[in-house]
Amino acid sequence: AQKVTQAQTEISVVEKEDVTLDCVYETRDTTYYLFWYKQPPSGELVFLIRRNSFDEQNEISGRYSWNFQKSTSSFNFTITASQVVDSAVYFCALSVYLSSGSARQLTFGSGTQLTVLP
Amino acid sequence: DVKVTQSSRYLVKRTGEKVFLECVQDMDHENMFWYRQDPGLGLRLIYFSYDVKMKEKGDIPEGYSVSREKKERFSLILESASTNQTSMYLCASSFRNEQFFGPGTRLTVL
Numbered sequence: 001a002q003k004v005t006q007a008q009t010e011i012s013v014v015e016k017e018d019v020t021l022d023c024v025y026e027t028r029d030t031t032y033y034l035f036w037y038k039q040p041p042s043g044e045l046v047f048l049i050r051r052n053s054f055d056e057q058n059e060i061s062g063r064y065s066w067n068f069q070k071s072t073s074s075f076n077f078t079i080t081a082s083q084v085v086d087s088a089v090y091f092c093a094l095s096v097y098l099s100s101g102s103a104r105q106l107t108f109g110s111g112t113q114l115t116v117l118p
Numbered sequence: 001d002v003k004v005t006q007s008s009r010y011l012v013k014r015t016g017e018k019v020f021l022e023c024v025q026d027m028d029h030e031n032m033f034w035y036r037q038d039p040g041l042g043l044r045l046i047y048f049s050y051d052v053k054m055k056e057k058g059d060i061p062e063g064y065s066v067s068r069e070k071k072e073r074f075s076l077i078l079e080s081a082s083t084n085q086t087s088m089y090l091c092a093s094s095f096r097n098e099q100f101f102g103p104g105t106r107l108t109v110l
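Taken in order, these protein sequences are the chains called A and B.
Quick note on our numbering: the first sequence kicks off at 1 and runs consecutively.
Quick note on our numbering: the second sequence kicks off at 1 and runs consecutively.
In case anyone wonders, no lab produced these hints; they're calculated from the structure.
A portion of the hints provided could be inaccurate.
What the hints assert, rightly or not - Partner residues are not named here, just some residues of chain B that face chain A (Cβ under 7 Å, in silico):
{"hint": "1", "residue": "Leu11"}
{"hint": "2", "residue": "Leu43"}
{"hint": "3", "residue": "Pro61"}
{"hint": "4", "residue": "Pro103"}
The beta-carbon is built from N, C-alpha and C at its ideal position, and this holds for glycine as well.
I would like the entire structure built from these sequences, with the hints used as guidance.
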């Protein structure tokens with residue numbers, strides 16, 4: 001069985017602060033994908049990043065960066081110089097093949113509500 | 001751009017009613033999914049479909065059924081709505097290990 005844990009339920013920061021959202025996952029599969037999604041107040045899930053289990057290189061995209069560490073089963077997300085528009089719920093997710101092998105299933109963490117105060 | 005649309009953003013139904021939630025994708029994706037989202041629980045998979053007329057149960061299929069008569073359309077059916085099915089419902093379609101989500105339907109069952 002797969003599991004994704006986002007221990008931080010809510011985080012508040014002041015604008016321009018850096019913030020890291022934690023994600024820890026469990027799976028027995030050796031091939032898997034990890035994702036981060038953003039859900040702004042409008043409700044639509046916005047894809048941020050996908051990493052496969054064989055690529056542990058960290059990634060930076062503008063103010064966003066991701067730290068994938070297989071040794072600790074973690075895939076943490078850092079926002080540098082946060083802005084009010086970053087306020088949203090952020091979900092970490094793990095993708096593995098369903099037991100039937102017919103498709104991949106996404107297992108989501110419970111989400112972290114990030115509030116960036118002006 | 002991939003487009004996944006859901007028939008309603010908000011829906012209010014009464015206990016015992018039959019409810020249909022419709023999802024349409026325009027990118028010819030084979031796989032489609034229905035999730036429900038509840039506070040503190042994240043998104044949980046209800047059902048998915050990997051081809052027309054094919055379906056598989058997800059983690060929480062009880063109280064739900066699905067229909068996939070055409071590749072682009074995946075319907076979630078609540079045969080007899082109950083108050084514990086009040087939730088946000090999200091549809092997704094997938095291509096190459098990436099899932100694309102619709103805007104969601106917030107269903108309230110009174």
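List, from low to high, the hint numbers that the structure doesn't satisfy. 1, 3
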